[in-house]
Amino acid sequence: MNKTFFKKYFISGPYLFWMIAFTIIPICLVIYYGLTDKSGTFTLQNIMSITTPEHFKALWLSLLLSLASTVICLLLAYPLAMILKGLSVNKNSFIVFIFILPMWMNFLLRTLAWQTILEKNGVLNTLLEILHLPSLNIINTPYAIIFGMVYNFLPFMVLPIYNVLIKIDDNVIHAAKDLGANSVQTFFKIIFPLSIPGVISGITMVFIPSLTTFVISNLLGGGKIYLIGNIIEQEFTTAYNWHLGSGLSMVLMVFILLNMILTFKFDKGEGGAVL
Amino acid sequence: MNQDKLIDLVNITKSYGDNIILDDLNLYIRENEFITLLGPSGCGKTTTLRILGGFENPDKGKVIFDGKDITNLPPNKRALNTVFQKYALFSHMTIAENIAFGLKIKKKPKSYIDDKIKYALKLVNLEGYGNRSPESLSGGQQQRIAIARAIVNEPKVLLLDEPLGALDLKLRQDMQYELIRLKNELGITFIYVTHDQEEALTMSDTIVVMNQGYIQQIGTPEKIYNEPENSFVADFIGESNILSAIMIKDKLVEILGARFACVDTGFGTNQPVDVVIRPEDIDLVKPEEGTIEGVVTGLIFKGVHYEMDVMANGHEWLVHSTDMFAVGTKVGIHIDPFDIQIMHKPESEDEEAVSFNE
Ligand SMILES: Nc1ncnc2c1ncn2[C@@H]1O[C@H](COP(=O)(O)OP(=O)(O)OP(=O)(O)O)[C@@H](O)[C@H]1O
Ligand SMILES: [Mg+2]
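In the order they appear, the protein sequences are chains A and B. Residue 1 is where the first sequence starts when you use this note's numbering, and the numbers rise one by one after that. Residue 1001 is where the second sequence starts when you use this note's numbering, and the numbers rise one by one after that.
I should point out that these hints are in silico values taken from the structure, not numbers from a laboratory.
Lysine-lysine pairs mimicking DSS-like chemistry, simulated, CA-CA at most 27 angstroms apart: (1) K1086(B) / K167(A); (2) K189(A) / K1106(B); (3) K189(A) / K1108(B).
The following block holds chain B by itself, in its conformation from the complex (with noise of 0.2 angstroms):
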């Protein structure tokens, strides 16, 4: 495990005057992840790719590269390269001498440069451009030719700050496989920051959920989405109902005042906990048959399924189905013991999840 991780970031702290914007942060990267940072605006996503990147030296903490300390290195000494929020593109040189400007740094030959500018245009499908200026590029052009600008040094780890955080929405998807395919092809480390939940459950291997310095959970997207470890993380990722409980014993809980079966065990046995339950987990039936009785109270057509509110017991549940129930209708509610997912509360204040709104 451990020759495995290629990138090392050790109880790192930053703060800026009085504010704190890393609290004792531990975070691995192992070769060829794609690892993404997701969090909210100013959790401090880019504050972390800055110390990866060299721009920022942290108050305390260790960045350990390849097995080396790389805390005190200046970004030019650093075998990682990184794609900008906002592109910073060089206005006074062409596209090919954006491109060409790392190369020619480390003294390249110049056909090896030429080959490499060709290569790369090609890569992010803008051949024939080299002789434009970055400002007669789209949003969208200017991003591929950072990135572009990035790969041909043949970085060991490529940081992405938000890399598609201005493009539209049918351009993002579309460039989101265009990264995962450079990432196949060119067999290096991406670590990708976004805020964007659906973005990082499409493109990563492993997501860091971040929230105010702290990281709230780290896992695949699968995990990430069907066992979040705390509130924060359920209301973060996708849609969801978050409730107070209490964990009667195990594999048994109580909501609202009715008793569900689940699977979860190891929680003691009359503790306050939060419960997680996806809309789409939720499953109506007749009032008889569910474990707790509820009436239809709004109804929004989404394309693929309905959306409903359903109230019951004191709480408006959000409901995903393909079925469709009138407002007004009453209805039972009933879920799969596996769909019940339980959580800790909170420990501290600071990790409480402060509520967000999507």
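Chain A extracted, bound-state conformation (with noise of 0.2 angstroms):
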């Protein structure tokens, strides 16, 4: 063996350790559990259990309420990612850096919070009482969910767009409009095709997480509303069926992945917007 060989696998040594114990030894796990049942024989009822009422219906809602707050997300964030890339520099940057304050505080915490607020009897709720306004019931629905996720999730969604946003050179801008374009077709002729990439790499990072969620679900949805990630983590830390949960779990790999392909085509390696 010679020397830069050696030296090539000692530098890459760490990361590659990390990615076996950390990633590809775990994801073997779940495949085994998946496809296993308790005495250890091959079996494929633990994926095929997604095909039972219960586990199905939380599938849906599931891909449901990441959809919804995806959508939200990409509403929200498109207009202020353009918002910010229109703000001077020193502006822009002490902007996103109060929009990134809040991702330092635990998430846990963020949304325990936001249960406080949106409580029958909480913060939300006495101010609308001291403003003579009815009342919202939200916590404990799939709005309050969708709430949750929107508001956890939005600054990954905001990143990317952003940063592909204040890459485009402004005389690409100006030579749309040089060549007659008004301010509506320059946008949807020049500046949203040219933000694609962050586009998409804000979905993935929006709905994938939204998608695997069990924290907020828990949190704001009461316990009573079961989402594909509250039953696969019931599987594991209540009903101590690792098989089940890890089948349910494979299934749920392969949305992501289908997420994940679809971000490649449409990406076509543009890349540069992972955040």
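With the hints as a guide, dock the two chains, each given alone in a separate frame, to form the complex.
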């Protein structure tokens, strides 16, 4: 073995170790558990159990809520990223900073805070009462879960879009106007197409955690609304049926892979937008 | 004269923060003219073009186009097109789509657009490149596409911001001829920006020399070269000897204590002036035959000519000549009266030429 070969592996060693120990092995374990029953014999039962009405309903609801939160995030994030792009340099880095600031706080704490705010006798309803407005009962509904997803994952949509937008050369936008395009045409023919890589990575970064979350649905759904994440969590923590939990995880992985394949297809390897 | 003006910039002032970029700039451009804005980096050339193109609003002043005030008209409503300093092609479109962009916006029929794309690609010598992506082209090719994209719209005026800046010398010279040919073929007005004085001299009908937001001189290339109005212009355009002198009386000037006959009049008597003498206009003769005497201190062979430094009367003169004088040779300096260009001293601090090293 020559020296450069050794060097290459020596440098990538820790990284390889990390990959094998914390990514490859766990995935192999999940696949092993997913395809066996308690006695260790091969079975497809765990995977097929997604077709039971209870599990299928949870998966369907998960897909629906993740889709809704992704769309809402996109609709909120795009204009916000455009506004950020338009601000002067020192102003926008300040606002981006403000935007990331909540992300430094613990995810659980943030979501718990919203539980307190949205509760029946919580902060929001107290405020509405003071203003003599009818109270809102959104805690423990799917809407509260969507709200929690949007709140928690919005920055992951804003940042990649913002990152591609600021990389668009002003002169390219000027060129479009120079050639006769008005602001609307410039947006749809130039700015939006050029920002697609950012939009795609934003969608991935919101959709996947939304699809797999169980914390948000636990805290804001009052434990009554089951997403696929909650079911998998319960199989592992309460029912101690790792085989079934792994089987369902594999089904979920298929959806994540589908999302990623779509992403790469659109992205055509322009990639640069990933955070 | 008045109806001759296609574009008129009137009292244009522009500043960024405390930084005054253009100060009361006045300039008119005639129909079909090839006019070049020439000046060192940061002197406000691009800013002037951006005001013309509508990407920047002047703080004060007006832009008149074809007799109409267009100062507040957005860029997409102006009958001029720009070739940007860094191409600014649309990277998500093919070359053909780039060229078609302006025509599609104007909803031209498809057959018309296809013809135009073909014609434009031919014009810039890039036939068959229509389906390539901009990234797959070299800098020079991208620049030509940027030009093609602008001219298919048949603008009345084409603004070009250092379009050849990124090209190597050979390609740059080819493109210079190409552009002149294009201009003659299309019969449109070119407003051209460069900081390359040779390019400006080669291509322009009119040169506008700018420095620090002021117009230093406007004139034909010959006039700018032979009769620079101040030491900045003289220094910026070509090589020159610029000296302080005293105008004794009409047609007589004292340079470094020696009196030279010249042809300029009207500067008064005993007035301090600047003189500029081009290195190729200095004749080296026998010591006793010259107006002043000096000694050769440097000699470089430049191909077409020799470049010599001659120390005389405490000044190092730059001389170009096809005759060679070895270092140490005693020579006389003779200058024909019409080769001495007299200039007023700069009036204000602002106009003062900054020393500019080429
Ligand atoms: N948006 C801006 N904000 C602040 N200052 C600016 C801005 N645009 C230009 N300037 C300043 O204005 C001055 C003139 O700029 P301009 O781009 O017109 O120069 P230029 O003559 O085109 O130079 P170059 O030959 O380098 O392209 C420069 O000092 C530049 O720093
Ligand atoms: Mg410039």
